Amino acid sequence: MTGPVFKMPAAPTGREYSSAHLIRIVDPLGSAIAWFAPEIGACCAGYAIRQVRGTSPSQSVWWREIITGSAITHSSPLSSLGKNDDGNAESTWRFVERDPASCTMEWKIGKGSRTEHWQMVASLADAQLSLCLRMWNTGATRIQTGARLRLALPSPPDITLGTVSPTGNNDPTDYRSDTSTQENQEERIAIAVEAFPGTSTTETDYLNDKITCTITYHQPDDPASIIGPSGCQCLSVLIGLPMSGVGIEE
Amino acid sequence: MAERNQSQKPERWPVARTADIAPGECLIVSIKRHSVGVFNVNGEYVAVLNVCPHELAPVCRGRVSGTTLFSPPGEYRWGRDGEILSCPWHGWEFDLLTGKALTDPRVRVRQYPTEVLDDTVFVVL
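These protein sequence lines are chains A and B, in that order.
Per this note's numbering: the first sequence = residues 760 to 1009.
Per this note's numbering: the second sequence = residues 1353 to 1477.
Incorrect hints may have been included.
Claimed, not checked - Computed Cβ-Cβ distance ranges for the label pairs, DEER-style: (1) 774/A to 1385/B: 27 to 35 Å; (2) 1450/B to 772/A: 30 to 38 Å; (3) 772/A to 1364/B: 37 to 45 Å; (4) 775/A to 1442/B: 19 to 27 Å; (5) 776/A to 1441/B: 22 to 30 Å; (6) 810/A to 1374/B: 35 to 43 Å; (7) 819/A to 1424/B: 56 to 64 Å.
What the hints assert, rightly or not - Simulated coverage check for chain B against chain A, where a stretch passes if three residues somewhere in it have a Cβ under 8 Å from a Cβ of chain A: (8) 1381 to 1395; (9) 1401 to 1407; (10) 1458 to 1472.
Hint data in this document are derived by calculation from the structure and do not stem from the laboratory.
Fair warning: this is a prediction, and the values are worked out from it, not measured in the lab.
Note that beta-carbon positions come from the ideal geometry of N, C-alpha and C, so glycine has one too.
In isolation and in its complexed conformation, chain B is listed as follows (with noise of 0.2 Å):
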């Protein structure tokens, strides 16, 4: 039991250059078995657990677009393009920057953390 814990130490994984992901997109790759998409958030690199916390769908292959922004009645605002993750099945809206749905943020997707050295992006897993 206690070696097997201690190879549960995460590790950093390198993933791809950073000119592989272009911004609003996203590669799914395999770490340790864990399917995880690493996506281009205007810039910022983020991963997440290719599983949707709803019905557990491949939540990373979903479509990367904005929201509507708070607004005045009767006038609709978008923004935050690229950052929002629609999830293929159901259409569950994630915030890539935080992993928290839009309609209820006590439900998130799982993130890891990443990191860019020397144009290759990790992912510690």
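Pulled out of the complex, with its shape left as it was, chain A reads as follows (with noise of 0.2 Å):
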């Protein structure tokens, strides 16, 4: 046995004379692929399935586009203090680490006692993506944050996947905002909630066989958007196909 050699698509879709610097990982198994901007906000700029359509010797493969963008955002003042403690008028995402199938960026903003430390890590596993948003509230005093994710599937059908916030209440179903409006989608997606040991856990199914969603938002103490002194939160969502959906070369 001598390995694998992995035929993957050079670029994601639309980005191919892209000037971004663009990180790519890939599946163990080389079934999935997925690019991240750390300059564009941590932003996954392309997310794919390989697929096989008939059997061999005739079979053939394509890549099935899952992901074609995403952002994070956020509610935090602190992005609005100005320059922070390395001096920078504006801090950004940057790059931390990669290995062939994850990558890890973090965010340091605001200064003094009043700063945050963001990190997404992404890393693709039997073909499916998980995307896991942590931020850390390193300062001495409350800040009040609301981190949201929002995944852009391709067209069509053109819908978003839904946004992902803190309400609050604490109900996970609560997130799920967004694909009420996508029933009548003829790619519907299914979205099942969970929450870490300790929270509420809430599982809803969308009626689709094709592309699933986890998300699991884990807040321990606080009121939602608000994390203390030390305090952490943590958004997680897993993405792809069912496992019988995916073509993996024998």
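Now that you have both chains on their own, put them together as the hints suggest.
Here it is in structure tokens:
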């Protein structure tokens, strides 16, 4: 056995000529690929899964786009403070590290007693994309934040996967607000919301056998959108196709 | 979705007898369809996903050797034999003990935990 040689798309659709530096990660089996742009807010520039039509030897391989873009937004007042501790007029996300199947990006904002540390860890396994967004309050005072992760799916249908944001009532089902408008779309989205141990758990299915998404939101103690000193919030999304829909070359 | 995640729980896989992998050598095995190279790094067993982070080459087919060490100007010192893996496609070099690339420690190969029990090498994946 010599090992795999993956044949992957060179760039996400529409970004073939983009000057932005993209970090590529791949599934260890070669069944999925995703790109991230640290300098564009740590966004996911593309996520595609390898599909196989037909049976060998006449099978054809194609890449199904699952995500065409993403955005992390927040309502933190710290971002308007101006220069931070490292002297930059405006801090931005930066690349931290990567291996073939995962990458880490981080963002430090604020200064002095009012600082936040954000970290995005993206990884691929079993053709599923995992996005884990963590927010730490590294300052001395309580801060208000409001992380939202928006994922854009390709068209058709031209839809946006549910906006994920804390609502203050600890009801996980509130994080799927946008999905209610998608019921008539040809390609529906299934979202199962769960929480870490110690918090309430709710699971919801949306009659979808294609793209699936699991959203987990963890906020230990404080009311939503408030993080105390040394506190942390975590928002994670797991998205992909059911295993039966993934083509893997033997 | 939940069932699928549970099936991803890491397991311990026997891959070789300790005598099967001499120091400086590599055994490439398939675990759950993952191609993994198991290296004997001077008696320590290291498991690496057989995919280079640069251009996805089968990195474990590369040469294992050493590297130049820090030294005064005009002096060249060689060391760390058996600890450095060179990718066969473009020559990227990785520290097998940490997984990090020598030229950019932010980039690394993917490693998996290993265990040795009764002369058998296990990979946890």
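We went through each hint and held it up to the structure:
{"no.": "1", "hint": "774/A to 1385/B: 27 to 35 Å", "result": "holds, 30 Å"}
{"no.": "2", "hint": "1450/B to 772/A: 30 to 38 Å", "result": "holds, 36 Å"}
{"no.": "3", "hint": "772/A to 1364/B: 37 to 45 Å", "result": "holds, 40 Å"}
{"no.": "4", "hint": "775/A to 1442/B: 19 to 27 Å", "result": "holds, 22 Å"}
{"no.": "5", "hint": "776/A to 1441/B: 22 to 30 Å", "result": "holds, 25 Å"}
{"no.": "6", "hint": "810/A to 1374/B: 35 to 43 Å", "result": "holds, 42 Å"}
{"no.": "7", "hint": "819/A to 1424/B: 56 to 64 Å", "result": "holds, 59 Å"}
{"no.": "8", "hint": "1381 to 1395", "result": "holds (count 6)"}
{"no.": "9", "hint": "1401 to 1407", "result": "holds (count 5)"}
{"no.": "10", "hint": "1458 to 1472", "result": "holds (count 5)"}
Going down the numbered hints, you'll see the structure goes against none, and every one checks out.
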